[in-house]
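Residue numbers (the numbering used here), protein chains in the order written: chain A, 7 to 416; chain B, 977 to 1358.
One or more hints might be untrue.
Okay, derived cross-link-like pairs now, DMTMM-like style, lysine to aspartate or glutamate, Cα gap no bigger than 25 Å in a straight line [to be verified]:
hint, chain 1, residue 1, chain 2, residue 2
1, B, 1304, B, 1185
2, B, 1304, A, 346
3, B, 1325, B, 1082
4, A, 204, A, 406
5, B, 1304, A, 262
6, B, 1304, B, 1257
7, A, 204, A, 262
8, B, 1304, A, 304
9, B, 1008, B, 1317
10, A, 204, A, 236
11, B, 1304, A, 236
Bear in mind the hints are in silico, worked out from the structure with no lab data behind them.
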Amino acid sequence: MTGVTGAVAEVAGGPARATALARDLGEFRAQVRSWCQAHVPADWRTTQAGVSEAEFAAFQQWWFRELRGAGYAVPHWPAEWGGGLSAAEQVVLYSELAAHDAPRLVLAFVSIHHAASTLLAAGTDEQRRRHLPAILDGEIWVQGFSEPEAGSDLASLRTTARREGDTFVVNGQKLWASGALHADWCLLLARTDTAAPKRRGISYFLLDMRSPGIDVRPIRNAVGESHFCEIFLTDVPVPAANLVGPENAGWRVAQETLGAERGMTMLELAERLGNAGFRWLVEACSRAGVLADSLVADRLAAFETEIAGLRALCLGLVERHEAGTAGPADASVVKLYYSELLQRMTGFGTEISGVRAHTALSKPASSGWESGAWMLDFIGSWEWTIPGGSSEIQRTIIAERGLGMPRAAS
Amino acid sequence: MTAGSQTAGPEPGEFEELHDELRAVARDLLSKIPPPAPADWGQLAASGWLGLEVPDAQGGAGATFAETAVILTELGRAATSSPYLGAIAGGVGALLELAPSAGRDELLRQAAAGEALPVAVLADGSDESIWAEAGGVPFRLERTPGGLRLRGHAGFVPDAAEASTLLLLALDAVGEPVIVDRRPGPFAIGLEAQPVLDSTRRLARVTADGAEVPEESVWRFAGDPGAAVGRLLDRAAVAVACDSLGLSEAMLSATVAYAGVRQQFGRPIGSFQAVQHACADLLVQVSVSRELVRAAVARLASRDPEASVAAAMAKAHASATAVEVAGKAMQLHGGIGYTWESGIHVYLKRAALNRSLFGSPAAHRRRLAARYLGWPGAAGRR
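Put together the whole structure using the sequences plus the hints.
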């Protein structure tokens, strides 16, 4: 399997800049490769198909420890906290993990990316000391942002946090909290000033999920999985020490930390799409006996071209973040392009695989957004075009902030 | 990589810091030439743009294709009419692949100075298959008792009719690719202009029907001839991709500017989401094209053996995107956009011609797809 993925990764060819970056990274790449060969379980896709939530969580925690042991779990963190790989090394790491079809860190995703970047950018020393090492030990975080009436218009959120001395008392309801069933802590946005304009009355909290008054209910999604949850908050006490940034500055904190890592996290996903995703698409066409069909070949080549473009876009975003020159809509361009490319690719995989695509009743847990169970992947792709700013919101952001077009009338 | 033309070449990226300046100067100068008025070739020579890749010793800048690509992109942005594509992307590119000789070096010097216009004839533009398969060399050299004779034809060759020297890609008597240098006089070559709707380009059909070729007109490649031919074809395709990218950027920016000032229903039309979202989609497509073109240029400039994959992707994407962007520009400019005077038709015609020059998107995707059949997973493996 390794030979195949390696070979395909070579011919699929990343952008020239990746080559340039990687030129001095040959040794690191060889090290990651041999680690992957020794540590990525050959049969994880089989063993993880149709597992329970508990088995999934246990597998994720095991894989996180494996990566941590090699220094690959939090490569983007500062060295003092256990990371310290350069951006170029991270690019190599993610491309090799993808080429070796390693399981994805799904459960720890919010912990190592969003929670960590928020703590590093806006947290207190005490908050960092308390949580960053704990995350390395497996502490799981969930994001509590969206609400029933605050989706694309997140700033309309209604959950309140009322100050009572050194404690805030939280009441409200959060929605689409992915992985909340397993979470130890929650990144919470709540309204602390109901009289202020909607963006100026929000505060950012760290919420201990063991607090009294929290009720987590899974919501079954269109794929049939239940990782999304509703979180009901009834008189939940949150110590004022768990405030991130100043009171009523939560919106700014969220904005500053939301896009911080989009480049690298998107690059990981682009590498996945370019390795396993495209390889399976070619295999699906081969199985269906249509690989030599000129229309099919044309579609495949168009996808390969778009994936190469996506990888280069992600790399460019990473570079501009490093240089501090990222444009205000750069992350939106990448998110919009990835999500719609994923949807078109998985849709094509479904179409080309025929009825067979509908017989894969479950997909392996811990896989990426393209697992090869095409119909489920296709449905799952809406989990990319809807959340995190829907495609429609992204287009408006790109037009107004990226192109400077006049604001739409509201 | 084969030896020869590699001696003391510049490092890729060596000139990168000059790109912004080069781009700004070119943009300013070219914006003053309204298409389809031809650019003043002497001015282009004086600006140093003709000899960017020509070695210092021949009066050039000793830079790389990456710098030539900056000019190519700006020529597309301004829809400039000039023989840069045939002579600099093509002719100088071909000369640089040849084994150094006094004749070649002198021609390079003249090309850099704007004194000669060497135009490469690499492929028959009426034959799409050459980009899908190897071996589309348009001319053949035959050894006869009376000496060497050249046969073959190539249609839709950019700038061939204006050339001072044609550099014809041919297979010699043993089937090895060579360049046949044809200056005015020594042997008869048919040249027939092929007018096209794009008023900024000049295409011609080149025919050799048994023309006598003096031995000294046969020039050999410095390295592996097959690889050199592949690089030249890729280079031509990427040169057009650069043009299409510049053209796309120009049309998107013109459309966004127009949508910001054109008022309907009491608001700028750019404040309507239908217009905003159309422009956002164009920006995404142009951004992807830019990345693919950048990658292909970098790989060609560093003579990366994987360059042909990147070249196919860049040409396929950028040349199709440009048609989409120019078409949407005409649409969003409304009735004004459809007028002759607006000039958007110039861009749309050039974009559509670019799409067909040096391999259509479909032809380049065929090149990419041919690789899949050999992939290990494609043999029906589960």
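message = Does residue 262 of chain A sit within 25 Å of residue 1304 of chain B, going by the straight-line distance between their CA atoms?
response = 35 Å, violated
message = Between the alpha carbons of residue 1325 of chain B and residue 1082 of chain B, is the straight-line distance 25 Å or under?
response = 37 Å, violated
request  = Below or equal to 25 Å on CA atoms is what counts here, so check residue 1304 of chain B against residue 1185 of chain B.
outcome  = 45 Å, violated
task = Starting from residue 1304 of chain B, check that the Cα of residue 346 of chain A is at most 25 Å away, please.
result = Within the cut-off at roughly 20 Å; holds.
message = Check whether the Cα positions of residue 1008 of chain B and residue 1317 of chain B lie no farther apart than 25 Å.
response = At roughly 17 Å apart (the allowed maximum being 25 Å), residue 1317 of chain B and residue 1008 of chain B satisfy the hint.
request  = Take a quick look at whether residue 1304 of chain B and residue 1257 of chain B sit within 25 Å of each other, Cα to Cα.
outcome  = 11 Å, holds
task = Starting from residue 204 of chain A, check that the Cα of residue 262 of chain A is at most 25 Å away, please.
result = 17 Å, holds
ask   = Does residue 1304 of chain B pair with residue 304 of chain A here, judged by a C-alpha cut-off of 25 Å?
value = 24 Å, holds
query = Given the hint that residue 204 of chain A pairs with residue 236 of chain A, does the C-alpha gap stay at or below 25 Å?
reply = 23 Å, holds
ask   = Under the criterion that the straight-line Cα-Cα distance not exceed 25 Å, is the pair residue 1304 of chain B, residue 236 of chain A satisfied?
value = Violated. Residue 1304 of chain B to residue 236 of chain A sits at ~43 Å, over the 25 Å cutoff.
message = Hinted pair, alpha-carbon criterion (25 Å max): residue 204 of chain A, residue 406 of chain A. Please report holds or violated.
response = 21 Å, holds
Checked against the numbered hints above, the structure violates hints 1, 3, 5, 11; every other hint is satisfied.
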